[in-house]
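Those protein sequence lines, which keep their order, are chains D and U. Here the first sequence is numbered in my numbering, starting from 1 and rising by one per residue. Here the second sequence is numbered in my numbering, starting from 1 and rising by one per residue.
Check the hints yourself; a few may be wrong.
20 Å max Cα-Cα, derived SDA-like pairs, lysine to any residue [as the list claims (entries may be wrong)]:
| no. | chain 1 | residue 1 | chain 2 | residue 2 |
| --- | --- | --- | --- | --- |
| 1 | D | Lys68 | D | Pro29 |
| 2 | D | Lys87 | U | Pro19 |
| 3 | U | Lys87 | D | Glu100 |
| 4 | U | Lys87 | D | Val116 |
| 5 | D | Lys87 | D | His77 |
| 6 | D | Lys87 | U | Thr114 |
| 7 | D | Lys87 | U | Pro41 |
With beta-carbon atoms standing in for the labels, derived distance ranges [to be verified]:
| no. | chain 1 | residue 1 | chain 2 | residue 2 | range |
| --- | --- | --- | --- | --- | --- |
| 8 | U | Pro139 | D | Ala24 | 21 to 29 Å |
| 9 | D | Phe150 | U | Gly58 | 36 to 44 Å |
| 10 | D | Pro78 | U | Phe150 | 20 to 28 Å |
| 11 | U | Ala22 | D | Pro41 | 25 to 33 Å |
| 12 | D | Ala162 | U | Trp97 | 35 to 43 Å |
For the record, the hints were derived by calculation from the structure and aren't laboratory data. Even glycine gets a Cβ: it sits at the ideal position worked out from N, Cα and C.
There are 2 protein chains.
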Amino acid sequence: MTSQTVEDHSRTPYQLPFPADALAEIVVPQAIPEDERAWVPQADNVWFRPLCLNRSQGYWVNLLRVRKSGVLSRHRHPQAVHGFVLKGRWRYLEHDWVAETGAYVFEAPGETHTLVVPEDVDEMITLFQVNGVMCYVDPWGEVTGYEDVFTKIDLCRKHYSAVGLGAEFVDEFIR
Amino acid sequence: MTSQTVEDHSRTPYQLPFPADALAEIVVPQAIPEDERAWVPQADNVWFRPLCLNRSQGYWVNLLRVRKSGVLSRHRHPQAVHGFVLKGRWRYLEHDWVAETGAYVFEAPGETHTLVVPEDVDEMITLFQVNGVMCYVDPWGEVTGYEDVFTKIDLCRKHYSAVGLGAEFVDEFIR
């Protein structure tokens with residue numbers, strides 16, 4: 001996870017320098033963390049674990065964890081979402097398919113949906129890349145709130161500070 | 001996977017229509033396919049399995065599979081890459097960390113690297129989102145070729161046609 005920004009004129013072919021202005025990569029060896037405190041609560045029975053909080057392009061990559069009876073309330077995506085189910089299964093009230101472990105889902109811009117976990121599933125964990133914004137809406141589609149990469153960063157700072165990891169714990173995920 | 005484009009004035013709260021111009025979602029129930037033919041060969045011991053081939057934004061999401069002694073030769077990324085290791089482990093010759101099963105990696109724009117699979121690993125499978133282009137380079141960084149979403153689509157069409165799935169098999173992944 002070192003930043004390689006120094007020009008090295010004695011380099012071997014396998015030691016090309018990166019551009020001096022390049023950002024550092026992010027490597028999270030265990031995305032599903034051993035430390036429970038890495039999960040940030042966002043609603044009853046709903047948590048997220050940040051992996052990349054991209055402020056220059058306005059998107060975030062995270063694990064979403066929803067436990068029995070948890071609901072990610074109805075929201076609209078003006079930009080694309082990518083999901084990959086790592087554990088459990090879930091569905092959207094607005095669709096008739098079910099996302100099982102090992103499934104990939106592309107959610108097209110314009111999607112409005114409500115994520116629910118079936119009663120017989122204790123826990124689901126899904127890798128999501130969310131671009132732009134999530135607009136929370138009421139049952140008739142009127143906007144009631146939003147989340148973007150900055151509200152996610154704020155939630156992380158508050159939580160990590162409260163649980164003793166320190167507000168700066170989130171910094172390694174920000175680019 | 002149905003496209004919901006019809007305005008329904010009798011709808012219930014859970015049947016909000018999507019925008020008439022929205023694209024259909026993609027749902028791949030088993031991203032790691034049972035049918036071996038879904039894997040598209042791209043080099044010795046290297047295959048990819050398309051999940052989203054996004055021609056409107058110029059990126060692709062796929063599973064990359066590399067078997068023993070396979071190498072994804074040195075390339076540079078002008079845009080960001082996201083990786084999540086589903087099976088096995090691998091490393092880049094240019095970095096000192098190893099991506100193990102369950103790891104997440106953000107590769108910053110400007111990265112040049114060569115993906116190798118250690119000798120004691122039979123197979124690795126990683127979910128990658130690659131944005132823009134991969135520029136293949138020689139050991140000193142000079143460009144020798146490239147891949148983009150359109151070269152990936154072409155590879156898929158040729159392979160799926162040759163193995164009897166039909167060139168149109170790729171269409172469900174294109175947006």
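So, going through the hints one by one against the coordinates:
For the hint linking Lys68 of chain D to Pro29 of chain D, the alpha-carbon distance of about 27 Å lies beyond 20 Å, and the restraint is violated. Taking the CA atoms of Lys87 of chain D and Pro19 of chain U, the gap is near 31 Å; set against the 20 Å cutoff, the hint is violated. The hinted pair formed by Lys87 of chain U and Glu100 of chain D meets the criterion: a straight-line CA distance of about 18 Å does not exceed 20 Å. Restraint check for Lys87 of chain U and Val116 of chain D: not satisfied, since their Cα atoms lie roughly 28 Å apart, outside the 20 Å limit.
Only pairs whose Cα atoms come within 20 Å are accepted, and Lys87 of chain D paired with His77 of chain D is rejected, the gap being roughly 23 Å. Straight-line distance between C-alpha atoms of Lys87 of chain D and Thr114 of chain U comes to about 30 Å, which puts the hinted pair past the 20 Å bound. Taking the CA atoms of Lys87 of chain D and Pro41 of chain U, the gap is near 28 Å; set against the 20 Å cutoff, the hint is violated. Here the CB-CB span from Pro139 of chain U to Ala24 of chain D is close to 24 Å, well matched to the stated 21 to 29 Å.
For Phe150 of chain D paired with Gly58 of chain U, a C-beta distance near 26 Å fails the hint of 36 to 44 Å. In this structure the hint that Pro78 of chain D and Phe150 of chain U lie 20 to 28 Å apart at CB holds, the actual value being about 26 Å. With their beta carbons about 31 Å apart, Ala22 of chain U and Pro41 of chain D fall inside the hinted range of 25 to 33 Å. Checking the proposed 35 to 43 Å range against Ala162 of chain D and Trp97 of chain U shows it is violated: the Cβ atoms sit about 30 Å from each other.
In the structure shown, a violation is registered for the earlier hints numbered 1, 2, 4, 5, 6, 7, 9, 12, in ascending order.
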